[in-house]
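J.: Residue strings, one per chain:
Number of protein chains: 2
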Amino acid sequence: MFTLEKESSFGRRGQLLTSGGVLQTPFFMPVGTAGAMKGITHEELKSLGAEILLCNTYHMHLRPGEDVVAEAGGLHDFIGWDLPILTDSGGFQVFSLNQLRKISDEGVTFRSHLDGTELFLGPTESITIQHKLGADIIMCFDECPPSTAKRQDLEKAVERTLLWAKACKKVHEDLCAKKTRHSTPFLFGIVQGGLERDLREHCAQELAGMGFDGYAVGGLAVGESEAEMYDVLDALCPLLPKHAPRYLMGVGRIEQMRAAIAKGIDMFDCVLPMREARHGTITLSDDSKIRILNAEYVHDHSPIDPSSPSPPSRLHKKSYLNHLLRSHERLGETIACMQNLGVTLESIRKIRETIDSSDE
Amino acid sequence: MFTLEKESSFGRRGQLLTSGGVLQTPFFMPVGTAGAMKGITHEELKSLGAEILLCNTYHMHLRPGEDVVAEAGGLHDFIGWDLPILTDSGGFQVFSLNQLRKISDEGVTFRSHLDGTELFLGPTESITIQHKLGADIIMCFDECPPSTAKRQDLEKAVERTLLWAKACKKVHEDLCAKKTRHSTPFLFGIVQGGLERDLREHCAQELAGMGFDGYAVGGLAVGESEAEMYDVLDALCPLLPKHAPRYLMGVGRIEQMRAAIAKGIDMFDCVLPMREARHGTITLSDDSKIRILNAEYVHDHSPIDPSSPSPPSRLHKKSYLNHLLRSHERLGETIACMQNLGVTLESIRKIRETIDSSDE
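Residue numbers (the numbering used here), protein chains in the order written: chain A, 1040 to 1399; chain B, 1040 to 1399.
Isolated chain A (complex conformation) (with noise of 0.2 Å):
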């Protein structure tokens, strides 16, 4: 399933054979909430290199609902994607989105975001919802407390994601044995322990115990600075099992995701090319930004990025761009966020080349 080909002092190179297709690591993943990437079509997706998409469970369970989308023959079918697709647990979400919920060691009780509706997502729940979705990759029901969160909690998010794991992974076997799908996803276990070194490495351990196909870092990139979070993947990717890829969950930044690559991380997912975008900071070919609404922009009309990896920023001009902006054109939101997720997959793609150029 997963073949490690090699490993240099800028990173490791793989693949990844998923039901879906073959993924050549490491690799970024463009995160399509709700089984869409805000304007941009699946084929321009592709065209920008996106090979793999992020759906997640929480929304689409939500909206329009995992029977709706198994009836459709699963999420590749229903959204028409024909390549990898990955979901996460909704354990995030259920986290982060909302205020009133109740943890216990049985799942998480909270209310829809949509219509308030009072609603329970635990291991069982988070398995059986992924293997009616019909991902790729699918992944274990976690506690999520942010990095800085207090050690007494962090404790308990980590016995909780333990227990939840194994839970997870018994739910899973036996999906997988009743045959309830034509292909087995994989199941990736989850490292919590926030910034508490003995506590990530307890997880990751436990977790190695149990056996997953694949490793995420989970509960990082939420308030720490850089160099925290790189002294918990200095720690941590050491003892994860070599043989099988690892996940930093909700990093996307390129410089970060090349610090990452160099540790030992294969896979990144992250909204914040496109919530960027939106909100006219663009990255360009060569890894500046700019503000694009910046009134120095009125003005200039050499085009957004000449070798960009997106068409539409080679044809545009930045003052179009500008202005299609503070117009609230939907057609700026569109180029802004080809041109950011299209830098963000072409930056990954030439981390790969270097690796494989590499001497060593």
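If you're looking for bench data, these hints aren't it; they were derived computationally from the structure. Treat the hints loosely; a few may be bogus.
The list treats identical chains as one, so a pair stands whether inside a single copy or across any two.
Claimed, not checked - No farther apart than 20 Å at their CA atoms in a straight line, the calculated lysine to aspartate or glutamate pairs in the EDC-like style are these:
| # | residue 1 | residue 2 |
| --- | --- | --- |
| 1 | K1356 | E1082 |
| 2 | K1205 | E1164 |
| 3 | K1209 | E1164 |
| 4 | K1195 | E1294 |
| 5 | K1356 | E1110 |
| 6 | K1356 | D1121 |
| 7 | K1217 | E1263 |
| 8 | K1356 | E1105 |
| 9 | K1356 | D1116 |
| 10 | K1195 | E1212 |
| 11 | K1085 | D1116 |
| 12 | K1356 | D1106 |
| 13 | K1389 | E1294 |
With chain A held as given, fit chain B onto it using these hints.
T.: Relative to chain A, chain B alone:
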């Protein structure tokens, strides 16, 4: 400039040689208000068969302003569109968007819908702005009451429209003589007169006497019945110069365009296909309409339109489009708008083929 190639009971076929390229008539113009078509890229627009874009002078004047556009090299360069462009006069927006306005024989004082600034637009201003914007076809500034207005208001509007048409032609010729642009745009006159046949006839004859590059029919499709609209066209078309293009403003329903073409109209524009799309009314390629937000489509996993000219409508399911629009995902609007626009443009292509292949 305009070559009338064929007349039949289905309509006229011709070629319009503009400074921006050759156009096959009859044609439909998508309305890119502020220089963009919602979430549709220019490349997608062209792939759907768009050959000319309409931009609104009122919107471009307010933001970014004609001087910024001129500085960028004109509208084609500013928005990155290398096919013909038509700009309207700004009159329609001034008369319909703005409550606070004062009309005199010199023009209209009104307030910006953006920030309330008091502004003035008359024939001189409109033509000067349009020359700066640099479209291939520009329109006379006209007074456009609804077709259902009182006779005395329609009379007054026709007189002003004729007065302004004369002024527009003078300003246009002066600017052309000064060669402020490397190419000369076509100037179209606009016939007003509501449903009053004698006023329409008077207006048409006076405009034809002044001599314009093309003639538009304004003030229709704003409240009158279809039969009343067709009556006006029946009376008017025989009075318009045969060897000039005829433009029915604001009409975009496929069946209405088909009827109007049979009566001798060559050009159309309308925001309706896009407005309907955004609200979930989808026109299929057999001209039928479906309300995609209806509950029945939650579970309808068939393609949106298997023989659609728009690729996403062939790829995606009705249930997915229903989900995207219910979830306010921008991709839903993009798919819906591309579908309605694609079908509209294809219908006009088919009408051209019908005229070409008719034996009359």
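J.: Against each hint, give a clear statement of whether it holds in the structure.
T.: Status of the hints after comparison with the structure:
no., hint, result
1, K1356 x E1082, "between (23 Å within a copy, 15 Å between copies)"
2, K1205 x E1164, "within (14 Å within a copy, 74 Å between copies)"
3, K1209 x E1164, "within (12 Å within a copy, 74 Å between copies)"
4, K1195 x E1294, "neither (32 Å within a copy, 67 Å between copies)"
5, K1356 x E1110, "between (45 Å within a copy, 12 Å between copies)"
6, K1356 x D1121, "between (33 Å within a copy, 14 Å between copies)"
7, K1217 x E1263, "neither (42 Å within a copy, 64 Å between copies)"
8, K1356 x E1105, "between (42 Å within a copy, 16 Å between copies)"
9, K1356 x D1116, "between (37 Å within a copy, 8 Å between copies)"
10, K1195 x E1212, "neither (26 Å within a copy, 81 Å between copies)"
11, K1085 x D1116, "within (16 Å within a copy, 28 Å between copies)"
12, K1356 x D1106, "between (45 Å within a copy, 16 Å between copies)"
13, K1389 x E1294, "within (12 Å within a copy, 53 Å between copies)"
Violation of the numbered hints given earlier is confined to hints 4, 7, 10; the remaining hints are satisfied by the structure.
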